[in-house]
Every structure is written in C-alpha cells, then in structure tokens.
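Listed in order, the protein sequences are those of chains A and B.
Counting in our numbering, the first sequence runs from 39 upward without gaps.
Counting in our numbering, the second sequence runs from 39 upward without gaps.
Please note: incorrect hints may appear among the correct ones.
Copies of the same chain are indistinguishable here, so a pair counts whether it falls within one copy or spans any two.
In silico EDC-like cross-links for lysine to aspartate or glutamate, where the CA-CA straight-line distance does not exceed 16 Å [stated by the list, open to error]: (1) Lys96 x Asp199; (2) Lys262 x Glu55; (3) Lys173 x Glu196; (4) Lys60 x Asp102; (5) Lys88 x Glu380; (6) Lys136 x Glu42; (7) Lys137 x Glu42; (8) Lys262 x Glu42; (9) Lys96 x Glu55; (10) Lys383 x Glu298; (11) Lys60 x Glu373; (12) Lys173 x Asp143; (13) Lys60 x Asp94; (14) Lys262 x Glu225; (15) Lys88 x Glu167; (16) Lys347 x Glu98; (17) Lys47 x Asp269; (18) Lys136 x Glu202; (19) Lys312 x Asp372.
Calculated from the structure, these hints are not laboratory results.
Protein chains: 2
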Amino acid sequence: MSWERNVRKVEPYVPGEQPQRKVIKLNTNENPYPPSPLVTDAIQRFDETKLRLYPDPKAELLVDAWADYCRLPSDQVFVGVGSDDVLSIAFLTFFNGKKPVLFPDITYSFYDVWCDVYRIPYKTRALDENFAIVKEDYLTENGGIVIANPNAPTGRQEDLDFIEDIVRSNPDSVVIIDEAYVDFGAESALCLIDKYDNLLVVQTFSKSRAMAGLRIGFAMGNPKLIRYMNDVKFSVNSYTMNMPSIYYGIAAIQDQKYFETITGRIIRTRERMKRELHKLGFSFADSVANFIFVTHEIVPAVDIFEELKKNDIYVRHFNQDRIGDYLRITIGTDEEMDCMIEFLKKYLDGGSL
Amino acid sequence: MSWERNVRKVEPYVPGEQPQRKVIKLNTNENPYPPSPLVTDAIQRFDETKLRLYPDPKAELLVDAWADYCRLPSDQVFVGVGSDDVLSIAFLTFFNGKKPVLFPDITYSFYDVWCDVYRIPYKTRALDENFAIVKEDYLTENGGIVIANPNAPTGRQEDLDFIEDIVRSNPDSVVIIDEAYVDFGAESALCLIDKYDNLLVVQTFSKSRAMAGLRIGFAMGNPKLIRYMNDVKFSVNSYTMNMPSIYYGIAAIQDQKYFETITGRIIRTRERMKRELHKLGFSFADSVANFIFVTHEIVPAVDIFEELKKNDIYVRHFNQDRIGDYLRITIGTDEEMDCMIEFLKKYLDGGSL
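Full structure from sequences and hints, please.
Here it is, written out as structure tokens:
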C-alpha cells in the first residue's frame, strides 16, 4: 500500500469523553443549563422544506445578528462550526511563515495539533509556577501568537493591559486571543480590535450560550483579517453553517436576559465551589471561567479522578507534564456540584487519608 | 501590516448564487422536493435541552445508520459537513506527495481550489470533444486521482469497468470517485471498495436526499483509508457534525421509499426535458445526473442565461474555457421545467433567431 507514503500522518486531538449513560458530566466545560426558550421556539418554527436548498454560504443573517450584538460592522465578523473551526482556519490562514508560532505550554491542547496538521512551526512558552503567562516570552521574534484568555485548563485571566502589550509589541504577527470562556467574568479584548489590525478575538456559543451541540463560533477583527479568513474558508468548504445553526443561533443571540441569568448562576456556583473545595484541601488558581483547575494537598489527582468516575462523576484529567496532579472540574448545576462535594467529603475523610 | 506576508493567499471557490427572492432556481443542483416527512418528525421530536452538550464527535448514530444502509461495517464510513468537507479532508489527508494529482479539465470546480489552498501539485487532463474522460490520461505517474462520476457539469457517466481500470492501474495512489450525482441513474463504485484498498467513494445528502441545507456527506473505503481521514479530521475539528445533522440525517436515511419516489420523479422529468430541449435546438451529452449540460445550435449560452435570469429563472453558466457556450440546468419540478420550456420557446422563436 504505497499510497500510504503520501498520507498526512498526525496525532489527532482527543476530546473529553462523551459518556452515553446518565452521569454527572463535569468534564467538557459544557453549560449545565439548556439553551434559551427562544431556541426551542426557533426549532418548532423551523421550516423543514427549505432544507432542500443550500444554506447561505455567508450565513449573513447569523453574522449580522452577532455583529449587531457586538456593535460591529458585519465585515468584522467571521463565523465557523464552533470556535475549533474558526481557530483551525485562522491557523491555516495566518501562520504561513518560517518563524515559530508561540503559545503557552499549558493551554488548550488543540493548538499544537493544528500546528502539526498544517505543518506550522511552533514553540511553547512555560507558564510560571502560578500558571501565569510570562509576558516577556511573547516579546521575541515569532510567526504568530495564540493566547487563551481566560486560559484553559487553568481558568486564569491576564488583564487587558497585559494582552494589549503583547498585541502592540507584535505588529508583524497575527495575535489570536481565544476567549472561549470570557463570559464567565473575564474582560474581553474585543474593544481593541479597531486599534490593532493584527488582533483576532475568538469566541464560542459552546459554553456561555449553552449551544455546544449546535457548533457555532466567531472571530472578530479588522475587515482585512476577516476577509483573508473568508477566502481560505471558501477554499475549504463554502457551506459550513447548516440551516439549523443559522436559525437556532440567531434565536440564542436574541435572548440576552436568559444569557445573563444562566451565566450569573454559573458564576455564583463557581464562587461557592471555590470555598467548598478550599475547605476540602484543594488549591487552585483563581478561575474566571466555568471550571476550576484544582490540585489536592494530599490525594493524587488521578486517584480522585478514578474514584469520581467510578461513581459516575466525570471530571477531566490531563495526562501531561506539570498538570498531571490537577483536575479540571466544570461548573455544573448547584445540585450536581453539591453531589460531587458530598462525595469528595466522604472520600477524602475516608480510608485514603 | 507585515503580518500579511504570512497570510495564505488563495482564490476561493465561488458558489452558485443563492437569490433571496423567489425565483425558479435551477442553478445549484438542489432537489426540487422537500426532505422526507420523517425529517419533519425528527425536527418536531428534537430535544433542544441536549444542545447544551457537545455532539458525539464520531457521530456514531449517523455513521452506523449510513453504514447499515450501505451494508458496510461502520469503520468503512467517514462522515463530514457535506461532501465538500469530506473531499477537502481527503485531499488534505491523501495528497501529500510531489507528483501531481490528476483530474479532468472540466469537472467540479472545487478540486483545483483545494489543491491551491493545501499547496497540492496537480494537473488537469482534457476531456475529449464529447466530454468523455480519456482513460489513458490516468494511467501515467501521479500523486492521486479524482473523478466525479457522473461528472459535473457534464452529467456524463463512465461505466464501472472504466472506473475499475483506473483504480486497479493506480495501486500507489488514492483514487477518489466523487458520486454526488450517482443516485439519479448512474452506477456506483461502492461495490469495489473491498477489492481495492486505494479507492474512496464520496456521496452526499445535498442532492438526492434533498438535504443541502443540513450539510451531510460521506466517504466509503477500506478501514485504513477511513482511519487516516478521521485522524486528520480530529486534528482539524473534532465536533463537525452538529446534533440536528445527526438526528435529522438519520431520519432521512430511514425513508427509503420517499427517496426512491422523488429520485424517480426527477429522472422522469429529466428524460422528458431531454426531448423538449432537443426539439428547441439544444444538444447535450446524455446526462444521468439531476441536471443537463446544454448548448444551443444558434443562440449563445450567455444570452440565454441573461435572458432567463431577467425572467427569474436561474441556471448556471461557467465563464470558463471550452464550456463558455454551455448552460447547466438543474432538474426542478415538472411545473418549473415547463415554465422554463415555455419561456425558451417564446424566446428562441422570437426576434433573436
């Protein structure tokens, strides 16, 4: 089978488990609340006869709705099949130089996978011992910069001045700020996109909008960045956004009140969890995301992980340097979290300590 | 803006127009009939609360349903966001050599766009004067072969022996047979995939299944081909198939009777149209697809195109060498086609002749 010589061989990203049984699922940072009731209406109102037609390749109705929401002109908004699609196209579009693209050693684990599949040179920069990004690491020569802010899986945020310094210091590179978790209390860099033509801000409907199942993500930047991304997108697949995404997505944007309600609820649960987890001997960087990245003073993370899983509570463990003794726990409903806390109390009080 | 030096600059594919007004739309080979009533049921039954969760990254329910339908094991089926996504990933996965990938000069106009965006060397091979593929052209050294069968925009089919000869003669290349239009009366190469490990057959739900708006496409091949494609897919975007695609798509597969009814209806309309168009002075290769690729003995194609458009009848014209005097006319409902024929009768009888 010598056709195999020409195959692009890669190590794919491994997504968090999607158990088919009913479990307490705190492993993939999903929203514990259903999407807005306006989405339910949109599903019921959806005219199935139009499925025979191609969707609008530009998904203009959805792009316009999001642009409106962000108070941006539509030519500053790019839409994709989740922020993974948006980021993948941004990597393919902007990172074609010989200098390495830079991102933290501990961050969203898809960044190096995209570099591998697209043969993009990259270097990771170590977070400091508190999992903070070291600004100076990004003031050296590079072919691009990618920073998740808040960072995953740490949940830590760098402030806007910090981000702006990096963007300003790198006029020859596209700087991507991946804001998948921004809506849970962090500060967005969106206000900087008109000031810096090299800044691309990426957001998603999969977390705060409770729409992971629909696959919607956006990038915002100056019109030139967006145009280049669209050129590449239209060279890969013209019709990526299917009709349900377009129509159900618009409905989600329209319900600002619901969005604020569920987001506020998740934030309150998170803050309460910080206190509870602290009492149980966990420590963590201060998360502004919909998850907390914890380590226990005595019990190894992997033991807690296995024990939780045995009891149908799924959290995420990364078998990876420096963070092997951490667990990323998604913020669920109060009931789910209380159930986990009760379990941890018993487990940590028990024979193992 | 020197970040622009590192931008991947491309000439994107230009999809057919999607007019927002109500017109007789015969320009993008969509199905004139709505999807199966089972799809309507699936939409009504769809549980919107689960949208908060990520979809199954493997879309196993949908893959299994299609594998069942094709009487294949599931590990011989790859699913993507329309056959464009499937083909794009196949190009990225299999065409990484230095030898040129081969495809006809007149064919689906996305093939060279994918080669450009992924920096794949390619050469086109001229169809003969009857728009037939010249087999010998594909028996030379190459880095891969792509053949649409039936071919677009010609509608012509090459028979299975012809396809098999090409596949058998190229054991060192992956041969992709793009069967977007196979269900309208052509012969599929699917029966050959267990015999040849280098054969990938691609099909879509956008034409015969009346689901262009949902974006579903499949590739079928030996398990190794499918595994390589999945590795790349999981390196680009894990969660491509959203929940509506998965659930509504399964419903469409289940309604075999409806599929046969609408497909049969389109075939009958096409055969009648061949007679009508012939009477009006059009000639064309014998189409087995849901479109006819016509040229008129007297009136230039572009004039007919413009005149039809002025009268809200959209067909496709390709401003391209060798086929500039042709129009690709999608088969619509009988009513739509009669309306077009009536218009053409008047127009061609009128002052212009």
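Is it within, between, both, or neither for lysine 347 and glutamate 98, if the alpha carbons may be no more than 16 Å apart?
neither (43 Å within a copy, 23 Å between copies)
At most 16 Å between alpha carbons: which applies to lysine 262 and glutamate 55, within, between, both or neither?
neither (38 Å within a copy, 24 Å between copies)
What label fits lysine 312 with aspartate 372 when the C-alpha limit is 16 Å: within, between, both, or neither?
within (13 Å within a copy, 66 Å between copies)
One pair to classify: lysine 47 and aspartate 269, alpha carbons no more than 16 Å apart. Within, between, both, or neither?
between (26 Å within a copy, 8 Å between copies)
For the identical chains here, do lysine 173 and glutamate 196 meet the 16 Å Cα criterion within one copy, between copies, both, or neither?
within (10 Å within a copy, 61 Å between copies)
Cα distance capped at 16 Å. Does lysine 137 pair with glutamate 42 within a copy, between copies, both, or neither?
So lysine 137 and glutamate 42 pass the 16 Å test across copies only (14 Å; inside, 29 Å).
Intra/inter-copy verdict for lysine 60 and aspartate 94 if alpha-carbon distance must be at most 16 Å:
between (37 Å within a copy, 14 Å between copies)
My question is about lysine 96 and aspartate 199: at a cut-off of 16 Å on alpha-carbon distance, are they close within one copy, between copies, both, or neither?
Neither: 34 Å inside a copy, 41 Å across copies.
When Cα atoms must be at most 16 Å apart, do lysine 262 and glutamate 42 count as within-copy, between-copy, both, or neither?
between (39 Å within a copy, 9 Å between copies)
First find the shortest C-alpha distance between lysine 96 and glutamate 55 inside one copy, then the shortest across copies, and answer within, between, both or neither for a cut-off of 16 Å.
The answer is between: 11 Å across copies meets 16 Å, while 32 Å in one copy does not.
At 16 Å max between alpha carbons, let me know whether lysine 88 reaches glutamate 167 within a copy, between copies, both or neither.
Intra 55 Å, inter 38 Å, cutoff 16 Å: neither.
Since the copies are identical, ignore which copy is meant and state whether lysine 136 and glutamate 42 lie within 16 Å (CA to CA) inside a copy, between copies, both or neither.
Answer is between: at 14 Å across copies they meet the 16 Å cutoff, but 27 Å inside does not.
Of the numbered hints stated above, those contradicted by the structure are hints 1, 2, 4, 5, 10, 14, 15, 16, 18, listed in ascending order.
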